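Student: So you can see what is in the structure, the chains are spelled out below.
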Amino acid sequence: MKHQLTAAFILILFSCLPSTVLAQHDMKDMPGMTPEAKPAAKKPAADKETMTKEEMDAMPGMKPTIPAPKDDMEGMPGMEKPSAPKDKAMDAMPGMNTGKKSTIKGADDMEGMPGMEPNGAAAPPRMSAPGITILRPPQKWVPPRGENRSAELLSSSELEEHMRPLPAPVMDSMFYSFSLFELLEYRANNFGPDAFSWDFTGWYGGDYNRLWVKSEGSQDLNSSNDGTGDLQLLYGRLIAPFWDLQAGIRTKFNLGSSLDGNTRTYAVIGLQGIAPGNFDIEPAIYLSDRGEVSAELTASYDLYLTQHLILQPRFQGEISFKGDDRFGTGEGVTETDIGLRLRYEITREIAPYIGVSWLRSYGQTGRIARQQGESSDAVAFVAGIRIWF
Amino acid sequence: MNPPTHLHTRRNFLRDTTAVGLLAGIESMIPAYARSTRGGSGPIDLTIDKYDLDIGGRRVSAIAVNGTVPGPLVRLREGQEAVIRVTNRMKDEDASIHWHGLLLPFQMDGVPGLSYPGIRPGETFTYRFPVRQSGTYWYHSHTAMQEQLGVYGPIIIDPADSDPVRYDREYVVILADWLSGDPEAMVAKLKKQSSYSNYQRQTLGDFIGDATKDGLGATARDRWEWAKMRMDPTDIADITGHHFTYLMNGLAPDSNWIGIFKPGERVRLRFINAAAATFFDVRIPGLRMTVVQADGQNVKPVTVDEFRIGIAETYDVIVQPIENRAYTLFAETMDRSGFACGTLAPKLGMNAPLPERRKRPVRTMADMGMGDMAGMAGMAGMAGMAGMAGMAGMAGMAGMAGMKGGSNASMPGMKMSGGDAPLMHGPDQHGPGNSMVAMSPQNRLGHPGTGLEGMPWRVLVYNDLQSLVANYDKRPPEREIELHATGNMERYIWGFDGKKYSEAKEPIEFYYGERLRFTWVNDTMMEHPLHLHGMFMELDNGHGIHNPRKHTVILKPGEKISLNITVDAPGLWAFHCHVLYHMDMGMFRVVSVVPRP
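Those protein sequences? They're chains A and B, same order as listed. For the first sequence, counting from 1, position 174 maps to 155 in our numbering; every step adds exactly one. For the second sequence, counting from 1, position 237 maps to 223 in our numbering; every step adds exactly one.
Rather than coming from a laboratory, the hints here were simulated on the basis of the structure. Among the clues, some could well be false.
To be verified - Computed from the model, here is a short list of chain B residues facing chain A with C-beta under 10 Å:
#1 D80
#2 F92
#3 Q188
#4 Q415
#5 Y497
#6 P556
As the list claims (entries may be wrong) - Calculated from the model, a selection of chain A residues having no Cβ within reach of chain B, i.e. all distances over 10 Å:
#7 A169
#8 L214
#9 R245
#10 P333
As the structure is a computational prediction, the values presented were derived from the model and not from experiment. Note that the Cβ used here is the ideal one computed from N, Cα and C, for glycine as well.
Based on the sequences and whatever the hints tell you, model everything.
Tutor: This is the structure:
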């Protein structure tokens, strides 16, 4: 049972390393896909100063686009046969990397694409990509009377001079900050003491690079005041449209009297993003200062019942590859927390909620919990507020 | 005979905040022929300052030109030299005025960072340029978020010769959106939650409703298609009526702007969309509108019942109300979350009912760049499309094998123009700054746009627009420059080819005197009104030498279009999305017109 759970958990965790992320890297790493090797896709004018017309003509990607036959799409195997199995159709499509295939194959495909051949011997597929295309030689222009403005002409370098001291026309790289208490709640446990728990995520930074702060934990509300919590400081980088790769440090600490003074420091690497289906996913792997390895997955989904009333199923699970007595954890899947919370967004930022949470610890972790007089299988009614600013 | 320059300034009204909003309305109610023309062709003075105004019944802090929102009408005459002195009376921030759609030396274009540094506090900048065109235009600030805060106003340039458009009376109808709160704060909210302002999302109730109508399986599949792409089909506007009050000539719907007419008169309405982030669908129930001008350029008259006006576009229409009754000017937002409205009536105090509001539309697969596959009932075949959102390239294409049988004919509103065969998006997915690509982008100039499909009346489409006079430059284009409008909705990043302006500051070079084909592909699911400063673009909608000349063109989701340009304006020009929030987030490029190498 334990092993099955462990296996399932690992499966979930790594299936969350989205194919999307990997696929995009494939695309980027493909030879022939880099800007250097693909002048046509370069920013227009990027090379203008060094490029003569002849040179441009000589460049493969700059050839005049020859209108492709109208039935290009039909010409693609797999488009014709409605019943073609997916994979087969994919394989047959030139240049269409699935992202799951090896990069080498993808690259071969790309190079094999007729449109990418220097001489354009075969009919190019109609591809739509940014860039400059020379259509025909320059033609003489006869401006209408009074429309000749050549006296106003300035050279590239003169325009550069003109622009240099001026402020930026748009400010598109500002830094912003975000603070979210996803959970800030009172837990009325059916077994054991009631508790207060939190889950905080915050960031500061720009569009691609951010500094993240995360903290979660729980504090018993009885005489012992037992509790645990963690604090993470991470650097995050947007590596794919929906995915942030995060790395940094985490410190895990005990609160209260009985486990006082125990802290542990970890290196963290994780992902945060949105998986197909609009699931918020946050897998992370921790390596402690004692060589222990563990992993955690948080996943949640927002179901809009109305424009203000939102039901959020939430899953959190931890898996340990080496136990840690001081934190009362064994090996394997150590803990899962399955919650269902119903929040009302008074504004988008402020949303009180109620819900249930089923916290379960497994195997050795469960035994340790029971030894310490806690429950290994507890259902809590929760009430709290989700708040961001 | 009349002095060509004309400007309405009402300094004594400046502090009268309740009258401010009305000003534009009353001004516009004065027929053009009855307006004062005193003042001659001397310089025009505009002053930018902060004011507390009443908008939509609330006292708000605005930045206004000569104390009013919108600012005063700037009226010029073709052939004169315009001299406009703009003073920044604000103490703590720079200002600017850009003359939208005007052909002038780039130093006079009013874009801080390209034309000049902007106008510092307390300073006056004198714009001086020959007026080389006629028509309806507008002006607005090009500094930070000032346009959203009230710095905009109309421009009318009377033609040097007789006007081919015959009319008895004219009104400027300037549409706008007023944000409750600070626009910078709204940007910060959108960076944190891009759906922040959308209160029209699909809910469980909608699901049950759709499942009852279309069947559980079909509805579940539809929802899954979108969820897999991590896109929201109700994402029509970034900022909605939840945060915006929509204004007609500075007046909220309750304040009801009124234009007076005598039954039988030909009334020219000069519509200007000066909104920061709102598309309007304009109609006058009971009256047909004859479009005579688009973006200041005369077009062959086309009579419609409704038209969509993109941000920064202008349309002049002629209406001829015969009956002695009131009519409602109704400008509903594209996402249907609100409207601006006013009344045309024979006398003050008359009102017409408001038309019924329409339901918020949803995006279709055509908007996602699925081309011909769009709108088909059985979307099950597209099961593989999820890959697209994740940039897995064409992972989903195989699924479309089953879509081959789809026929355009069965799809109302999907009439294609231009005869462009579907094409494929290239392999470049534009990086993490872009969250989808239009896999099969196509010309949708015959499509009225999201929310206007299947109307029981005639809706203007871009294919209806034809230049009244033939364009003089008959040369075929010699170079084509293709740009893709891109964005990452989740992070609220906007740009071209996956890059924000700050990541691609190098100017795009146009060569003086060349005939250029400018091609755009929309890899986002939003409309982008793209605006090129300094030069008109001839939208290639299949009318050849009568292709309409425009300064701003809506690029629909899933669309690929081309515009031909005679590069005749030397200097540095801005090219950007006119959704202010998209421009400011990086959907902006510099075009430099330089000598041919």
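Student: Compare the structure with each hint and give your call.
Tutor: Quick rundown of the hints versus the structure:
| no. | hint | result |
| --- | --- | --- |
| 1 | D80 | 8 Å, holds |
| 2 | F92 | 8 Å, holds |
| 3 | Q188 | 7 Å, holds |
| 4 | Q415 | 6 Å, holds |
| 5 | Y497 | 8 Å, holds |
| 6 | P556 | 4 Å, holds |
| 7 | A169 | 27 Å, holds |
| 8 | L214 | 20 Å, holds |
| 9 | R245 | 32 Å, holds |
| 10 | P333 | 18 Å, holds |
When held up to the earlier numbered hints, the structure conflicts with none and fits them all.
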